[in-house]
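Line by line, the protein sequences give chains S and Y. In short: position in the first sequence from 1, add 5, done, that's the numbering used here. In short: position in the second sequence from 1, add 5, done, that's the numbering used here.
Treat the hints as calculated values from the structure; they're not laboratory data. Nothing here was measured: the structure is a model prediction, and the numbers come from that model. Check each hint, because a few of them may be wrong.
Below, simulated EDC-like cross-link-like pairs (lysine to aspartate or glutamate); rule was C-alpha separation at most 16 Å, straight line [stated by the list, open to error]:
1) Y/235 x S/189
2) S/269 x Y/312
3) S/235 x Y/112
4) Y/85 x Y/119
5) Y/85 x Y/106
From chain Y, some residues computed to sit far from chain S (all C-beta separations above 10 Å) [stated by the list, open to error]:
6) 95
7) 113
8) 197
9) 225
10) 232
11) 258
12) 292
What follows is a list of derived Cβ distance ranges for each label pair [as the list claims (entries may be wrong)]:
13) S/234 x Y/303: 41 to 47 Å
14) S/161 x Y/96: 22 to 28 Å
15) S/235 x Y/307: 29 to 35 Å
16) S/101 x Y/96: 51 to 57 Å
Quick reminder that beta carbons are idealized off the backbone N, C-alpha and C, glycines included.
Given next are the chains, with one letter for each unit.
There are 2 protein chains.
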Amino acid sequence: MSLIVTGSIGIDTIETPQGKADDVVGGSSIYFAGAASFFTPVRLVGAVGEDFPAEMEAMFTSFKGEAVDTAGLERRTGSKTFRWHGKYHENMNIRDTLAVELNVLIEDLPPVPDHFKDSRYVFLACTAPSNQLQLLEQFPKRQLVVMDTIDLYIKQDAENLAKVIAAVDGVIVNDDEAKLITGEQNVVIAGQKIVAMGPLFAVIKKGEHGAIVFHRDGSIAALPAFPADKVIDPTGAGDSFAGGMMGYLASQNAKSFDIETLKKAAGYGTAVASHTIEDFSVGRLQQITRANLDTRLDQFANMVRIE
Amino acid sequence: MSLIVTGSIGIDTIETPQGKADDVVGGSSIYFAGAASFFTPVRLVGAVGEDFPAEMEAMFTSFKGEAVDTAGLERRTGSKTFRWHGKYHENMNIRDTLAVELNVLIEDLPPVPDHFKDSRYVFLACTAPSNQLQLLEQFPKRQLVVMDTIDLYIKQDAENLAKVIAAVDGVIVNDDEAKLITGEQNVVIAGQKIVAMGPLFAVIKKGEHGAIVFHRDGSIAALPAFPADKVIDPTGAGDSFAGGMMGYLASQNAKSFDIETLKKAAGYGTAVASHTIEDFSVGRLQQITRANLDTRLDQFANMVRIE
């Protein structure tokens, strides 16, 4: 079942202790779409400026998975593409944003192509909560909607954010965002409070420390990160996790999910993210196949299984 | 098979966002001994000053597990007990030491009672590496020796520390210590480098983010922490983890262990630590039984198992 993703597309310059990559494709959408495409066809909605190189556009269809339909990729005349320049510390959990130009990201949302409007699986990447509510209405056949957000929107528009959380089926955020949404320092209580706001499930991502999944029925799944001895560039790991997780859920074509299915989905998210960080940008995601992900999920499952 | 532990015994004053506890029993030994005693008889070697209250001494035998033999607890005339006053931040991963008095900890090591010298399972809690080497020699029948250390000793005496690591079977340290020992920022590589120094296994503890176990055969186990919605006092969680882990290994009475056994042992360590943090000092450890730990290990195993 195809999955639609709305989110940022950008041009990144990334510095890590392992090297530097200038002007490479970035943004949450490319990681999410690439990751999800190993499991299900993906539909993309996003805007770039007229400076966006054709070869970067081709990247969206360069993954060895299901098709990524880029009919919703709008190249906007007179606008410039979102750009980000980040530098990671020796401890790659910490990064500094050296430069950011929002550009097209703060303009109007790109239109959703008509043939995307029957989408049943919808990922609302972080935009303003009012935009997320507006986007939601465009998918009347939606079965499962999952959202992301960032601290800016939590602080700026908590009221509409609460409406989005109540309207979606899943929330995927990091630990700081979960604490900010709920005013709760304990991530377990924070996760439970998010679920109490309405969705079927919440996932709290903890970067290199894994993730916790909270189900409305009270059950919890805990996943460490995949123990990675090769970390070249952590950019996009969280978006890859979300893409892998939701891609797997969409491939199951169900309306609701139990904790076991969500846990396996988060396991696939972990497997994709563990590949993403092995190279700059989407370099590694362009090389792998679903078989690599199945192998890594097996390894991961063995590493965590307590008999 | 009985397990001997050498380590600190102290009087703590602890402040957390949940409250304050004045002058309660602390130090690595009490947590380790309590945790291990749910699995195997424990022998204790440690020194306190003449100010150590009799009711705190009685705490060592207050757990509902196997016996803790305190014949090696020396009450030293003219000396004062180790004292620590710590305060945890709102984010309980961070704490400040407000006051510390090493007192008896920087005097001579307490003697090992003769009837402890046949011990086969030995835990060398953190003292100076030269002391650890000296202690090791006192247990000629040792089958499995596990050690801990702290940043002070890693910086102060790396040469002897390397000798201790080469001489023991297991190393249990936290992530910062592992990075410091190996000069490696990536914890997975750091763990592999520690194992390359000689031991059968290394465990890197990551506080509220779980632990990673590295085996000499190249296999790895990854455990998240138990998702805890009630954290009153994190003091002693790491020592409880080590005690639960090693207590379980000692109960297996084997000379060597594969990754599956080490992972289950780390699971028990996680189960004990998840109880320790539910109350100040050893308050919660005094209430629980082995059955509570079996139940929690089952819950934990279900939370992490990916089918």
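Against the structure, the hints come out as follows:
no. : hint                      : result
1   : Y/235 x S/189             : 12 Å, holds
2   : S/269 x Y/312             : 7 Å, holds
3   : S/235 x Y/112             : 44 Å, violated
4   : Y/85 x Y/119              : 25 Å, violated
5   : Y/85 x Y/106              : 9 Å, holds
6   : 95                        : 5 Å, violated
7   : 113                       : 39 Å, holds
8   : 197                       : 7 Å, violated
9   : 225                       : 5 Å, violated
10  : 232                       : 5 Å, violated
11  : 258                       : 19 Å, holds
12  : 292                       : 21 Å, holds
13  : S/234 x Y/303: 41 to 47 Å : 31 Å, violated
14  : S/161 x Y/96: 22 to 28 Å  : 24 Å, holds
15  : S/235 x Y/307: 29 to 35 Å : 31 Å, holds
16  : S/101 x Y/96: 51 to 57 Å  : 21 Å, violated
Violated hints, in rising order: 3, 4, 6, 8, 9, 10, 13 and 16; the structure is consistent with all others.
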